[in-house]
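Colleague: Protein chains in written order, with full-length UniProt numbering: chain Y, 1 to 401; chain W, 1 to 401; chain A, 1 to 401; chain E, 1 to 401.
Just so you know, these hints were derived from the structure itself, not from any lab. Heads up, the beta-carbon is just placed ideally off N, CA and C, and yes, glycines get one too. It is possible that some hints are incorrect.
To be verified - If you anchor each label on the Cβ, the simulated ranges turn out as follows: (1) 16(Y) x 18(E): 16 to 24 Å; (2) 127(W) x 109(Y): 37 to 45 Å; (3) 333(W) x 25(Y): 24 to 32 Å.
Stated by the list, open to error - In silico PhoX-like links for lysine-lysine, alpha-carbon gap of 20 Å or less: (4) 149(A) x 203(Y); (5) 226(Y) x 392(Y); (6) 7(Y) x 393(E); (7) 203(W) x 226(E); (8) 393(Y) x 226(Y); (9) 203(W) x 393(E); (10) 77(W) x 368(W).
There are 4 protein chains.
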Amino acid sequence: MHIPRRKIINDPVHGFITIDHPLIFSIIAHPFYQRLRRIHQMALAQLVYPGAVHTRLHHSLGAYHLMCLAINELKNKGAQITPDEEVAAKAAILMHDIGHGPFSHALENVLIPGVDHEEISLAIMHALNKELHGQLDLTIRLFTGNYHKFFLHQLISSQLDVDRMDYLTRDSFFTGVSEGVIGYDRILKMFVAHDNQLMIEEKGIYSVEKFLVARRQMYWQVYLHKTVLAAEKMLVKIITRARETGAISFSPSLNGFLHKPHTSQTVHQQLPAFCELDDYDVIGSVKCWATHEDVVLSTLCKNLLKRDLLKCKLQTERFDEALVQQKTKAVMESLNITSHEAGYFVFTGEAINTTYKLGDEHINVLYKDETVKGISNVDNPLIHQTLSMPVKKFYICYLNI
Amino acid sequence: MHIPRRKIINDPVHGFITIDHPLIFSIIAHPFYQRLRRIHQMALAQLVYPGAVHTRLHHSLGAYHLMCLAINELKNKGAQITPDEEVAAKAAILMHDIGHGPFSHALENVLIPGVDHEEISLAIMHALNKELHGQLDLTIRLFTGNYHKFFLHQLISSQLDVDRMDYLTRDSFFTGVSEGVIGYDRILKMFVAHDNQLMIEEKGIYSVEKFLVARRQMYWQVYLHKTVLAAEKMLVKIITRARETGAISFSPSLNGFLHKPHTSQTVHQQLPAFCELDDYDVIGSVKCWATHEDVVLSTLCKNLLKRDLLKCKLQTERFDEALVQQKTKAVMESLNITSHEAGYFVFTGEAINTTYKLGDEHINVLYKDETVKGISNVDNPLIHQTLSMPVKKFYICYLNI
Amino acid sequence: MHIPRRKIINDPVHGFITIDHPLIFSIIAHPFYQRLRRIHQMALAQLVYPGAVHTRLHHSLGAYHLMCLAINELKNKGAQITPDEEVAAKAAILMHDIGHGPFSHALENVLIPGVDHEEISLAIMHALNKELHGQLDLTIRLFTGNYHKFFLHQLISSQLDVDRMDYLTRDSFFTGVSEGVIGYDRILKMFVAHDNQLMIEEKGIYSVEKFLVARRQMYWQVYLHKTVLAAEKMLVKIITRARETGAISFSPSLNGFLHKPHTSQTVHQQLPAFCELDDYDVIGSVKCWATHEDVVLSTLCKNLLKRDLLKCKLQTERFDEALVQQKTKAVMESLNITSHEAGYFVFTGEAINTTYKLGDEHINVLYKDETVKGISNVDNPLIHQTLSMPVKKFYICYLNI
Amino acid sequence: MHIPRRKIINDPVHGFITIDHPLIFSIIAHPFYQRLRRIHQMALAQLVYPGAVHTRLHHSLGAYHLMCLAINELKNKGAQITPDEEVAAKAAILMHDIGHGPFSHALENVLIPGVDHEEISLAIMHALNKELHGQLDLTIRLFTGNYHKFFLHQLISSQLDVDRMDYLTRDSFFTGVSEGVIGYDRILKMFVAHDNQLMIEEKGIYSVEKFLVARRQMYWQVYLHKTVLAAEKMLVKIITRARETGAISFSPSLNGFLHKPHTSQTVHQQLPAFCELDDYDVIGSVKCWATHEDVVLSTLCKNLLKRDLLKCKLQTERFDEALVQQKTKAVMESLNITSHEAGYFVFTGEAINTTYKLGDEHINVLYKDETVKGISNVDNPLIHQTLSMPVKKFYICYLNI
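Using the sequences plus the hints, can you model the full thing?
Modeller: Given below as structure tokens:
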């Protein structure tokens with residue numbers, strides 16, 4: 001008897017993850033993918049939730065696992081999915097975050113202004129596709145939504161994709177915030193492919209309701225927690241100040257992105273350098289800069305390392321400019337710095353909870369009589385309320401003196 | 001109404017951890033303690049178990065939580081514990097691992113040969129005690145076992161201490177290896193203080209049995225997993241080679257420990273430098289050395305980063321010297337290196353499972369009639385077997401060519 | 001050393017429950033309390049959720065455990081609670097459901113029209129208090145809300161009492177409906193006693209939001225699940241028909257309640273007989289009546305036993321009378337029965353979700369500046385929506401022919 | 001689009017169980033199967049573990065689910081299993097316990113001396129097979145081991161069958177005894193069919209070790225817990241005394257089995273009556289007999305209902321006859337009964353833990369080089385010890401006066 005090559009990976013969240021296709025093995029073994037081990041999924045959330053130290057690699061393995069389950073469910077319900085489509089969908093979800101840089105969202109558009117991670121993910125997929133002699137052609141079509149079986153794309157990217165299902169479940173697991181538990185297994189059981197679209201069976205509506213509420217809770221309790229926000233904004237300020245003062249990093253790759261202008265185009269040329277970057281370059285540099293001669297930079301770095309964070313407040317109205325002025329003045333005097341420099345320690349902004357953008361693709365519900373309704377047309381006031389709720393808060397961060 | 005200062009921390013393993021004493025707040029806020037955020041609890045086990053990325057800080061918070069529960073149980077059963085003793089015991093367990101360096105056990109006795117982490121923990125406690133004007137006097141007595149209520153020391157360090165209970169539970173949780181679940185809550189309920197000794201009530205024997213078996217399973221399945229072993233030995237070889245070749249790190253603190261001889265005494269003088277070190281210095285350096293001119297060093301570093309690990313085999317008998325020779329020769333030819341250099345890619349050693357050292361302090365069982373028996377005298381063949389089982393395996397690591 | 005009498009009980013939901021007071025032991029050992037072992041917590045929900053077979057005894061032990069935790073939290077935050085008050089509060093919650101009859105809510109007001117279970121619980125407490133020579137005096141005052149430390153009553157009975165926290169958690173656990181998980185541990189941590197009232201700290205608002213949404217989900221997905229509703233209404237019809245036809249039960253106690261008129265007053269006289277009743281009397285009788293000569297009674301009984309349930313539909317509008325007529329006619333013809341008899345197989349009604357009665361006691365939120373707001377005045381549209389949502393649906397049950 | 005008929009059932013233990021084949025639907029809907037809802041899986045264990053009230057129906061659904069997973073794994077590893085074989089294996093496991101009578105093991109061989117539940121299960125399968133026009137032919141062959149793909153039988157009944165995997169997991173879940181958690185998912189992943197035999201891959205040995213230890217722990221901590229033993233023996237004594245005194249039950253079916261002699265043959269003729277029996281007949285009768293004129297019968301019944309159980313002790317040596325005499329005499333005097341009658345309140349016996357009968361079918365381990373070893377020949381002393389440990393204890397039960 002021949003046992004085909006299979007590997008099982010322990011995942012405390014989903015149980016055992018099975019790898020059983022050569023293409024999936026190739027992707028996972030690639031240094032570009034292994035790099036995701038060194039990028040925290042939740043950036044600096046661990047400063048509030050000490051368990052939240054899981055990685056992008058772990059999340060994308062989890063999303064891959066949910067993709068396996070989802071495809072199985074759809075096939076059991078009669079959807080036609082060929083083996084090639086199946087492995088392409090799995091490959092796509094495995095790589096959906098491969099373009100994330102150090103500290104993912106926290107530094108997105110900061111290290112490389114104007115270029116988001118999806119664009120880089122796609123670029124890396126193209127690079128890998130060359131190495132793999134075109135084996136990722138279909139993967140790329142699914143990822144970009146250029147394939148007639150659109151439900152496969154929707155499993156990768158839509159309001160109810162396996163990406164969101166994994167990260168909410170995983171982030172809830174590792175933070176210990178039980179409010180974020182979404183019951184993904186029931187949602188998966190409710191999936192159905194209809195007219196090439198991904199839909200939810202009617203009796204899954206309560207699960208969608210639960211999903212939307214849980215997601216909202218995770219935003220305000222975790223992702224936009226005021227202390228997490230403060231820490232991540234400090235990291236942004238550190239990068240900005242390092243760039244401004246020309247502070248050098250020990251990491252040649254990081255230096256390249258800090259001190260040379262980049263556009264979407266140059267990034268493509270610098271892909272190998274980008275694929276060297278991870279959280280270790282950034283924190284290693286922060287450790288070095290803690291003794292930098294620039295007092296703004298060194299203070300930010302020192303304070304971040306010892307978790308002496310800026311104070312942060314969130315509210316539904318914009319903060320009074322007078323308050324900002326007062327805090328700024330106090331910092332200028334206390335640290336003996338200029339008004340511009342004080343801006344690194346006192347600043348305001350907007351925190352946005354993007355639970356469900358109404359302009360975004362819809363979640364469709366398939367009724368028993370085969371009618372289809374968008375989720376916002378379903379007779380469920382709690383869903384309407386969740387969807388239409390204010391999604392923006394204003395924050396102020398300041399050095400407590 | 002005055003609400004005393006309290007903080008609750010989400011722990012996915014134990015639920016909510018409560019901090020409610022000024023001394024505990026002071027310790028947690030100290031940079032020496034915050035450093036533990038940047039040291040992985042399980043070194044490189046995450047290369048096999050992707051969820052195992054939790055930190056020493058998280059573990060010591062968890063052990064602190066179990067200490068709170070244990071003290072509560074003992075008091076409910078009539079043990080006399082004063083408020084001062086209580087906070088001292090909590091402080092001691094919080095700091096029991098504060099002397100761990102980068103990658104904890106994996107590099108223990110490697111970065112600083114001959115000095116183990118308990119010695120450094122104690123040195124750091126003394127340093128902190130000075131800062132805190134003697135508030136840790138009792139803590140240090142409990143930690144070192146110089147106090148008449150010896151059961152408080154045993155909660156910190158003994159066969160059934162809260163340290164082991166936390167790390168087995170936590171490591172099992174984050175790896176997803178259910179075999180390591182120990183039922184710590186029942187063990188805690190079975191604790192009793194008798195004649196100033198920590199004991200287990202008679203009906204807790206099955207829980208002890210479970211604990212010992214679980215621990216054994218974690219050793220062979222996780223801590224001494226052949227792939228984890230290979231990765232951690234590669235890290236040791238990297239440090240050794242860096243030292244040998246005089247490779248410079250970007251981190252001044254790491255350089256100090258790499259390239260200057262250290263004894264137990266000099267370490268005490270270098271405590272501040274030691275307290276700068278964490279996993280980021282090591283992995284940052286490994287990233288730099290991946291392009292080092294020394295082919296041995298750069299190969300080890302590159303391979304570790306892309307998880308291209310040495311092969312590893314474990315067996316109960318010593319490996320045949322001829323096999324080592326053969327593998328060594330192959331590497332010498334393939335990489336064009338000397339026999340000495342090939343020793344970085346082909347080597348053997350012993351992996352030891354220290355489930356229960358018979359010479360170690362005993363677990364005592366208190367019977368209903370107040371007689372006391374050591375666990376190895378209890379009528380339970382499974383416990384005897386577990387305690388007396390072979391605890392050593394031989395390993396070989398080699399570069400697969 | 002004297003170990004006071006203590007007992008720990010394994011609870012898969014909360015872990016270990018500790019019993020350590022003689023009064024609590026006396027109550028638990030009493031036959032009136034042990035009877036609760038033979039009353040299912042969720043009546044016939046197990047016909048849809050096979051795991052939901054837990055008992056009233058288990059639930060009240062769980063609520064007792066949460067009371068222990070809640071009191072501990074409040075004391076840690078400075079609330080003055082004497083040992084006598086503590087044990088009285090625990091005794092009260094332990095007995096809060098002691099007046100439930102067979103199949104609890106499903107047959108409430110059916111076996112004994114016009115008398116609800118709280119009234120009987122109180123009567124039983126008075127009876128026990130006599131046996132216990134007045135040891136329950138304070139317990140009864142707390143239960144009925146006649147005590148100045150009103151927060152102790154609110155822990156027993158209010159919008160956020162430990163009763164609801166336990167049953168939502170427990171019912172969610174045993175059904176496997178993850179949507180009902182409420183994070184009770186965090187709510188408990190947010191409790192505070194202020195001006196003798198039970199309040200929630202400001203930062204607990206998201207947990208309250210979660211609690212209200214979870215509760216709503218449990219109502220529609222579990223408690224008012226159409227199939228559960230159908231089964232429980234069949235049981236009501238069986239009791240009604242048995243009464244109407246004078247069908248005799250093997251159980252003398254059940255016969256008494258079936259065939260003699262009862263008022264609130266006679267019930268008090270018949271307390272011993274009531275305390276003999278449990279689910280076994282009812283199901284045992286249903287098994288006997290499955291061969292009863294009355295075709296209506298025997299059909300209902302047979303069908304319930306083999307889980308051949310009436311069809312049930314739920315909707316937001318009242319059902320059309322014509323539909324009822326049509327279904328009734330079909331049944332009359334098929335079973336050859338009268339219109340009155342067909343009413344046992346075709347009927348309509350209202351299912352009510354009592355998430356939060358606005359006239360009910362409020363949940364109060366305590367802000368950091370010590371202001372207090374009712375939960376419906378808090379700035380949280382999702383809570384408002386949940387509170388104000390339609391709580392009623394109409395149902396029709398009918399025999400499928 | 002046609003969605004084939006599918007049903008998902010919430011199981012708190014395994015998640016969602018999917019039913020998707022007409023034959024499986026037919027079996028589950030049959031009154032013979034629905035009867036299992038009214039038989040507790042763990043008899044009277046709930047008197048010690050209040051959560052242990054789950055049913056035989058729930059367990060057999062769970063075993064069915066594990067069968068689905070196991071077959072999937074084997075197919076993924078290349079085993080040839082036809083759709084017919086697959087559904088037959090699922091049907092067989094679903095019905096493996098269908099022959100259990102009231103209180104399962106506790107009354108096995110008591111209500112019908114000399115006939116065990118497997119024999120009755122098989123008889124019921126044959127009866128159902130007639131109704132289903134031979135659809136269960138293959139099911140019966142698999143169940144009885146008369147099919148060349150023997151591994152399918154081994155999944156149903158062997159040392160590592162899905163039956164044991166489900167009941168250990170489920171009983172551990174509902175009792176809350178974490179020591180019984182076995183990691184069934186990993187064992188399933190290690191299954192492989194080789195030479196038509198079910199085997200475990202080499203790297204699954206630690207999981208087998210864990211399984212054997214967990215099972216042993218469940219025996220001594222739960223199944224043979226002294227208080228559970230006492231309660232179940234009281235139930236046996238009640239049945240025996242009712243038979244002896246000719247006490248009549250309200251249940252005609254129970255009367256038939258109490259008061260008429262039965263052999264294996266008559267049982268087959270009385271199958272319909274047997275299929276009417278469940279826990280409700282027994283407990284309903286116990287409630288009636290609590291006021292029976294025979295003092296032995298009524299005392300046993302009353303005490304069982306109020307959980308006033310016989311004392312029970314377990315030890316490795318046989319109890320001294322003098323002790324039995326002394327206890328017996330005390331009961332004779334106290335209750336004013338004969339020596340024969342006192343035997344209902346004072347008695348001894350043997351409790352047996354059948355972890356792994358060495359004469360039983362072996363667990364086979366498949367090594368990478370395709371050699372096969374029986375588990376007791378594997379190089380693992382802990383497994384040997386577990387397998388060879390004393391499996392018998394002696395007990396005494398007596399009325400505490």
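Colleague: All hints are to be evaluated individually against the structure, with a verdict given for each.
Modeller: Checked hints:
no.	hint	in the structure
1	16(Y) x 18(E): 16 to 24 Å	holds (19 Å)
2	127(W) x 109(Y): 37 to 45 Å	holds (42 Å)
3	333(W) x 25(Y): 24 to 32 Å	holds (29 Å)
4	149(A) x 203(Y)	violated (46 Å)
5	226(Y) x 392(Y)	holds (13 Å)
6	7(Y) x 393(E)	violated (43 Å)
7	203(W) x 226(E)	holds (12 Å)
8	393(Y) x 226(Y)	holds (11 Å)
9	203(W) x 393(E)	holds (16 Å)
10	77(W) x 368(W)	holds (14 Å)
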